[in-house]
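Chains as they are written, first to last, in this note's numbering: chain A, 1 to 254; chain B, 1001 to 1331.
By construction, these hints were calculated from the structure, which means they are not laboratory data.
Incorrect hints may have been included.
Taking lysine to aspartate or glutamate and the EDC-like style, the derived pairs with C-alpha atoms no more than 20 Å apart in a straight line are [claimed, not checked]:
1. Lys1079(B) to Glu57(A)
2. Lys1048(B) to Asp1025(B)
3. Lys1079(B) to Glu121(A)
4. Lys1079(B) to Glu205(A)
5. Lys1304(B) to Glu9(A)
6. Lys113(A) to Glu205(A)
7. Lys71(A) to Glu153(A)
8. Lys1266(B) to Glu1283(B)
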Amino acid sequence: MTQQQVLQEYLLRLADSDMILGQRLSELTGKAPAVEEELAVMNVALDLVGQARNWYEYAAELIDDGRDADKLVFLRDAHDYRNLLMVEQPNDDYAVTIARQFFFDVWHYFTMKSLVNASDERVANIAAKAVKEATYHLRRSSEWVKRMGDGTEESHRRIQDAFNLLWRFTGELVTPDEIDQAMFEAGIGPDPEQLKQDWFGMVREVAAQATLTTGEEDAWMYMGGKRGEHTEHLGHILAVMQFLPRAYPDATTW
Amino acid sequence: MYAQMVDTGTKRLKTLEEMSPEERDFQEKVDAETKIEAKNWMPDGYRKTLIRQISQHAHSEIVGMLPEGNWVTRAPTLKRKLQLMAKIQDEAGHGLYLYSAMETLGADRDEEIQKLHDGKAKYSSIFNYPTLNWSDMGAVGWLVDGAAIVNQVVLQRTSYGPYSRAMVRICKEESFHQRQGYQILLDMMREGTQEQKDMVQDSINRLWWPALMMFGPHDDESPNSQQSMVWKIKRKSNDELRQMFIDQTIPQLEFLGCTVPDPDLKWNEERGHYDFGDIDWKEFYDVLKGDGPCNHERISTRRKAIDEGAWVREAAVAYAAKQKQRAAKAA
Chain A
1 MTQQQVLQEY LLRLADSDMI LGQRLSELTG KAPAVEEELA VMNVALDLVG QARNWYEYAA
61 ELIDDGRDAD KLVFLRDAHD YRNLLMVEQP NDDYAVTIAR QFFFDVWHYF TMKSLVNASD
121 ERVANIAAKA VKEATYHLRR SSEWVKRMGD GTEESHRRIQ DAFNLLWRFT GELVTPDEID
181 QAMFEAGIGP DPEQLKQDWF GMVREVAAQA TLTTGEEDAW MYMGGKRGEH TEHLGHILAV
241 MQFLPRAYPD ATTW
Chain B
1001 MYAQMVDTGT KRLKTLEEMS PEERDFQEKV DAETKIEAKN WMPDGYRKTL IRQISQHAHS
1061 EIVGMLPEGN WVTRAPTLKR KLQLMAKIQD EAGHGLYLYS AMETLGADRD EEIQKLHDGK
1121 AKYSSIFNYP TLNWSDMGAV GWLVDGAAIV NQVVLQRTSY GPYSRAMVRI CKEESFHQRQ
1181 GYQILLDMMR EGTQEQKDMV QDSINRLWWP ALMMFGPHDD ESPNSQQSMV WKIKRKSNDE
1241 LRQMFIDQTI PQLEFLGCTV PDPDLKWNEE RGHYDFGDID WKEFYDVLKG DGPCNHERIS
1301 TRRKAIDEGA WVREAAVAYA AKQKQRAAKA A
């Protein structure tokens, strides 16, 4: 793989994770537990899809095979998607929605914070905007983890169950592969070791405040999203999301 | 407009002589176009009518997110998805803003939402129609937001200050939504395939009459309008507003190159307005009663969201109470 191919691959990971989580959150339209949450959920979803667009546009320029950002979103199949398995997990109850968001947000925040200093100027610029949004997202999801964890008996049980349920997808956030390693060495991606420490540090701190327990670092982890090996959920997400461009392949404008 | 057939609780209008001194003072303020504020005295009927109207309006914003939620996950491009998400977010904001305006009148948001879920409060009939293809996202923006704006522009001058100010802000965003909606249709009509053009016409065929129904029954069938007009909660009659909407919409329709399913629609030179056919009022009243295509789905979705979210709201309350206690202990 050339340096540029590695970067393309890395950009698609960032883009796809943002996109799929944004898609999942938009499924909640009109179904959030309070009007304030309707606003907050859509706000986060909007930020994520907006960030995804920025990453896709850069990726499309590098790939340079005639595909634009829309084609990357709407015409790739699941095995070409590079998102983290975490973000494709279903909304389930609101505790799962929040736990998924929190685990992602911690990863996202530290990743964006690091990418602000990337040697690649375009990456640094996109991250500079994204980190502001990611900071707010993390503050919001941490607050909800604490409210649920230290709220009522029921909310504590639900958020603890959600932590347990999703723990197996956290390994992928902090386990680097050769792409992550190469991006770090190129002065673009975060230091994998540092990212892992930061992620566990923050997650454990918030969990403690929320009176929750977290899983073990060496627990069995379900991974593969970054390589295009997904859970069964992604195919269904894409079936919905890509319906129109697939059903009307002759349409060039919407 | 997102409010239809709001009951004022009055059988006939009082003359100034029949009013108590407070009522007369209030009415004179209204007549002089002085805004009524939350702290001012107001007749009980005025307060109740406003609570009904503003809550209906707020409920409509929230229920109105559902037909769009039906397509936000299937928006065909990043641009359209982002636009639709932003529109939905605006609507949630309008809902919050309107519930707050309503609470200045002493009403409680949770209680009013409960009335909606119990079938005792209404929301705009339009949201009981399904969104069946993508171009409905364009047609809803153009026709439904368009109809809402005709009414809301007038409501910017409504007599109750907080409601009037909410309308000013909401109108700005709604006209943005309307233009975006129209653009969706225009792009498909100009550059789309035949299938896409058919989609647009299909959306207009289905949504045209329901959009006209948004203005409510004919003036002579609208027993509460008169009192609302005197209180200047309402500033123009249902039929006037409907005519305004049709007159401004038909040229836009022609520019699209589409038609409406009304053989009687034609320009009347003498009146300086479009004539149009009879609205199916039976359908209107059926939908209002609960017998529309999506009444059941809309309310059960909303009820489920709020019922299943109860534990989340309770957690937030319990956590806040604990934090307060801790802060008190620490102090």
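Taking the hints in turn, this is what the structure says about them:
1. Lys1079(B) to Glu57(A): Within the cut-off at roughly 12 Å; holds.
2. Lys1048(B) to Asp1025(B): 19 Å, holds
3. Lys1079(B) to Glu121(A): 25 Å, violated
4. Lys1079(B) to Glu205(A): The hint is violated at about 38 Å.
5. Lys1304(B) to Glu9(A): The given pair, whose Cα atoms are some 41 Å apart, is violated under the 20 Å limit.
6. Lys113(A) to Glu205(A): Judged against 20 Å, a Cα distance of about 19 Å means the pair holds.
7. Lys71(A) to Glu153(A): Cα-Cα ~47 Å, so violated.
8. Lys1266(B) to Glu1283(B): With a Cα-Cα distance of about 23 Å, the restraint between Lys1266(B) and Glu1283(B) is violated, given a limit of 20 Å.
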